[in-house]
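As they're listed, the protein sequences go chains A and B. Quick note on numbering: numbering that gives the first Met the number 0 labels position 3 of the first sequence as 2, and the sequence is numbered without any gaps. Quick note on numbering: numbering that gives the first Met the number 0 labels position 253 of the second sequence as 252, and the sequence is numbered without any gaps.
Simulated from the structure, these hints should not be mistaken for lab results. Just so you know, even glycine gets a beta-carbon here, dropped at the ideal spot from N, CA and C. Incorrect hints may have been included.
[Claimed, not checked] Label pairs and their calculated CB-CB ranges:
id : chain 1 : residue 1 : chain 2 : residue 2 : range
1  : A       : GLN271    : B       : LEU40     : 22 to 30 Å
2  : A       : ALA136    : B       : GLU200    : 39 to 47 Å
3  : B       : GLY59     : A       : VAL26     : 32 to 40 Å
4  : A       : GLU8      : B       : LEU40     : 25 to 33 Å
[Said to hold, decoys possible] Covered, in the sense of this in silico footprint (three residues per stretch, anywhere, with C-beta under 8 Å from a C-beta of chain B), are these stretches of chain A:
id : segment
5  : 18-31
6  : 95-108
7  : 138-152
There are 2 protein chains.
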Amino acid sequence: MNWQARMGELVDLVEGELAIRLPAETVVPEKLHEAMRYSTLGGGKRLRAVLAMSACEGVGGSATDALSYAAAIEMLHSYTLIHDDLPAMDDDDFRRGRPTNHRIYGEAMAVLAGDALLTEAFGTLARLPEYSGLSQALAMRLIVELADACGSRGLIGGQVIDLLSEGRLIDAQTLEYIHKRKTGDLFLAALRGGAQIGNAEPDQLDAVSTYAHNFGLAFQITDDILDVVGDADKLGKSVGMDEIHEKATYPGVYGLERARHMAAECVNVCQQQAVFLGTNAQFLADLAFFVLERDM
Amino acid sequence: MNWQARMGELVDLVEGELAIRLPAETVVPEKLHEAMRYSTLGGGKRLRAVLAMSACEGVGGSATDALSYAAAIEMLHSYTLIHDDLPAMDDDDFRRGRPTNHRIYGEAMAVLAGDALLTEAFGTLARLPEYSGLSQALAMRLIVELADACGSRGLIGGQVIDLLSEGRLIDAQTLEYIHKRKTGDLFLAALRGGAQIGNAEPDQLDAVSTYAHNFGLAFQITDDILDVVGDADKLGKSVGMDEIHEKATYPGVYGLERARHMAAECVNVCQQQAVFLGTNAQFLADLAFFVLERDM
Numbered sequence: 000m001n002w003q004a005r006m007g008e009l010v011d012l013v014e015g016e017l018a019i020r021l022p023a024e025t026v027v028p029e030k031l032h033e034a035m036r037y038s039t040l041g042g043g044k045r046l047r048a049v050l051a052m053s054a055c056e057g058v059g060g061s062a063t064d065a066l067s068y069a070a071a072i073e074m075l076h077s078y079t080l081i082h083d084d085l086p087a088m089d090d091d092d093f094r095r096g097r098p099t100n101h102r103i104y105g106e107a108m109a110v111l112a113g114d115a116l117l118t119e120a121f122g123t124l125a126r127l128p129e130y131s132g133l134s135q136a137l138a139m140r141l142i143v144e145l146a147d148a149c150g151s152r153g154l155i156g157g158q159v160i161d162l163l164s165e166g167r168l169i170d171a172q173t174l175e176y177i178h179k180r181k182t183g184d185l186f187l188a189a190l191r192g193g194a195q196i197g198n199a200e201p202d203q204l205d206a207v208s209t210y211a212h213n214f215g216l217a218f219q220i221t222d223d224i225l226d227v228v229g230d231a232d233k234l235g236k237s238v239g240m241d242e243i244h245e246k247a248t249y250p251g252v253y254g255l256e257r258a259r260h261m262a263a264e265c266v267n268v269c270q271q272q273a274v275f276l277g278t279n280a281q282f283l284a285d286l287a288f289f290v291l292e293r294d295m
Numbered sequence: 000m001n002w003q004a005r006m007g008e009l010v011d012l013v014e015g016e017l018a019i020r021l022p023a024e025t026v027v028p029e030k031l032h033e034a035m036r037y038s039t040l041g042g043g044k045r046l047r048a049v050l051a052m053s054a055c056e057g058v059g060g061s062a063t064d065a066l067s068y069a070a071a072i073e074m075l076h077s078y079t080l081i082h083d084d085l086p087a088m089d090d091d092d093f094r095r096g097r098p099t100n101h102r103i104y105g106e107a108m109a110v111l112a113g114d115a116l117l118t119e120a121f122g123t124l125a126r127l128p129e130y131s132g133l134s135q136a137l138a139m140r141l142i143v144e145l146a147d148a149c150g151s152r153g154l155i156g157g158q159v160i161d162l163l164s165e166g167r168l169i170d171a172q173t174l175e176y177i178h179k180r181k182t183g184d185l186f187l188a189a190l191r192g193g194a195q196i197g198n199a200e201p202d203q204l205d206a207v208s209t210y211a212h213n214f215g216l217a218f219q220i221t222d223d224i225l226d227v228v229g230d231a232d233k234l235g236k237s238v239g240m241d242e243i244h245e246k247a248t249y250p251g252v253y254g255l256e257r258a259r260h261m262a263a264e265c266v267n268v269c270q271q272q273a274v275f276l277g278t279n280a281q282f283l284a285d286l287a288f289f290v291l292e293r294d295m
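Please model the entire structure based on the sequences and the hints provided.
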């Protein structure tokens with residue numbers, strides 16, 4: 000099977016799991032559950048979920064053992080998007096090609112839908128022994144790792160520093176902090192969690208962690224490049240250093256060429272880890288190339 | 000020791016535990032941690048925490064065994080207050096006699112501080128085996144109960160129905176749903192959690208659950224009465240049925256006298272449960288009277 004087909008398969012599994020795990024729209028309060036499902040089942044690449052399942056497979060487990068875990072990760076991701084889009088935050092009207100949650104359900108409901116998804120994610124994690132046959136010790140460790148990854152010193156911390164940096168010139172160190180926390184930590188937790196569900200040996204878990212750090216960085220750099228190149232395309236002009244240097248992005252801090260080189264280097268490291276993990280990790284290797292390709 | 004002194008003791012313990020469990024204001028991002036601590040360490044009755052510890056003691060355990068659990072409950076309570084006060088929600092400027100979180104730190108930070116407290120609460124719960132020597136099985140059960148109590152079919156669900164009912168006449172059934180979910184479920188989880196940490200026997204846990212249902216109801220009715228009587232006091236007029244019938248409150252739906260009688264009846268049931276639990280539960284009995292007294 001080629002990797003796109005495998006990707007599609009895993010994405011379908013995650014969609015199905017989310018549709019089951021999230022309360023139905025017929026359950027009181029209907030509007031809240033509709034809002035939660037609107038944003039969570041509204042498409043998206045499911046990259047974090049797919050990474051979790053692939054890491055489980057990559058260390059010798061079965062991808063579906065990490066399915067409920069992967070769904071919890073997507074609930075967490077979905078809550079961050081809903082809250083990030085709020086008028087008080089990024090004030091975005093569209094997400095994944097559709098109106099944002101607060102544009103449809105209003106600001107109060109969007110805050111509460113995000114809160115409920117965050118809470119439901121932890122409820123799902125605490126039920127992993129029931130849903131996926133995990134040991135209580137492992138489920139507990141996953142909750143600790145995810146609470147840290149998504150907490151004030153993780154994802155939310157990155158979002159805060161990003162907010163506070165708006166409109167300011169930031170240095171490379173701050174840029175790295177923002178992205179490691181804001182996107183990297185959840186990638187790391189997704190991959191490490193999947194690997195642990197697959198009963199990773201310590202050296203396998205190390206390889207997955209290294210993969211995760213580099214995958215997250217490559218993802219963010221490529222995202223930044225796409226933003227900058229996309230903006231320039233829209234304006235019908237070429238991208239010069241001066242124009243992009245004021246944004247808190249990798250091309251802004253390092254320049255476009257060096258940023259591209261950094262991303263390629265990260266993907267290279269991801270490949271090495273996949274090679275170390277062996278044939279089970281072929282899909283992890285493919286996924287790393289997928290990130291780079293988004294820029295082509 | 001009289002019950003006020005005991006209350007003060009437990010409140011001090013909870014304050015100390017929260018001060019330790021919440022990241023310090025010197026930890027990056029400082030502003031976020033300052034905002035989290037501002038609202039969580041900002042006083043308050045600590046009723047939920049005290050109930051958790053008292054339930055633990057009431058079934059024969061030691062109150063301090065439930066201390067970290069009680070702190071997690073207060074983090075959850077604090078997050079709900081911060082988000083409830085947001086401009087998009089109740090738009091409140093003051094809370095516990097001080098400016099609300101978003102009035103000090105801005106709306107974006109208030110959303111994120113709430114999110115971070117919710118996340119930190121689950122991180123604390125997952126570390127209860129480490130903090131309080133709980134078994135992993137028990138800690139996991141507590142997380143499931145709290146995720147349900149605080150989720151879309153619990154606390155957040157009550158908040159949503161309350162929001163959707165604003166400005167409308169609601170019936171007794173809707174009123175009960177709102178209050179059971181919005182305040183009752185967290186009281187129930189606090190008390191049941193404490194009792195389970197104290198290794199409650201099944202009949203003890205039943206008694207604590209009955210206590211919790213009635214405590215929550217008495218609390219809410221008294222809260223509503225205070226609102227109505229307080230408003231009338233402010234306006235310098237007596238409270239008539241017509242004036243209070245349009246609010247989603249117990250005096251509004253049942254009238255002031257009947258509401259007072261209902262609250263007293265609930266406290267009576269709480270007393271009976273405390274008597275069943277025996278001498279260890281004397282403080283639980285005192286606490287139930289405390290709720291009624293607020294109305295005097």
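So, going through the hints one by one against the coordinates:
1. GLN271(A) to LEU40(B): 22 to 30 Å: violated (47 Å)
2. ALA136(A) to GLU200(B): 39 to 47 Å: Distance hint for ALA136(A), GLU200(B) is violated at roughly 26 Å.
3. GLY59(B) to VAL26(A): 32 to 40 Å: holds (38 Å)
4. GLU8(A) to LEU40(B): 25 to 33 Å: For GLU8(A) and LEU40(B) the Cβ distance comes to about 49 Å; the hint is violated.
5. 18-31: holds (count 6)
6. 95-108: holds (count 4)
7. 138-152: Holds, because 10 residues of the segment 138-152 of chain A bring their Cβ atoms closer than 8 Å to Cβ atoms of chain B.
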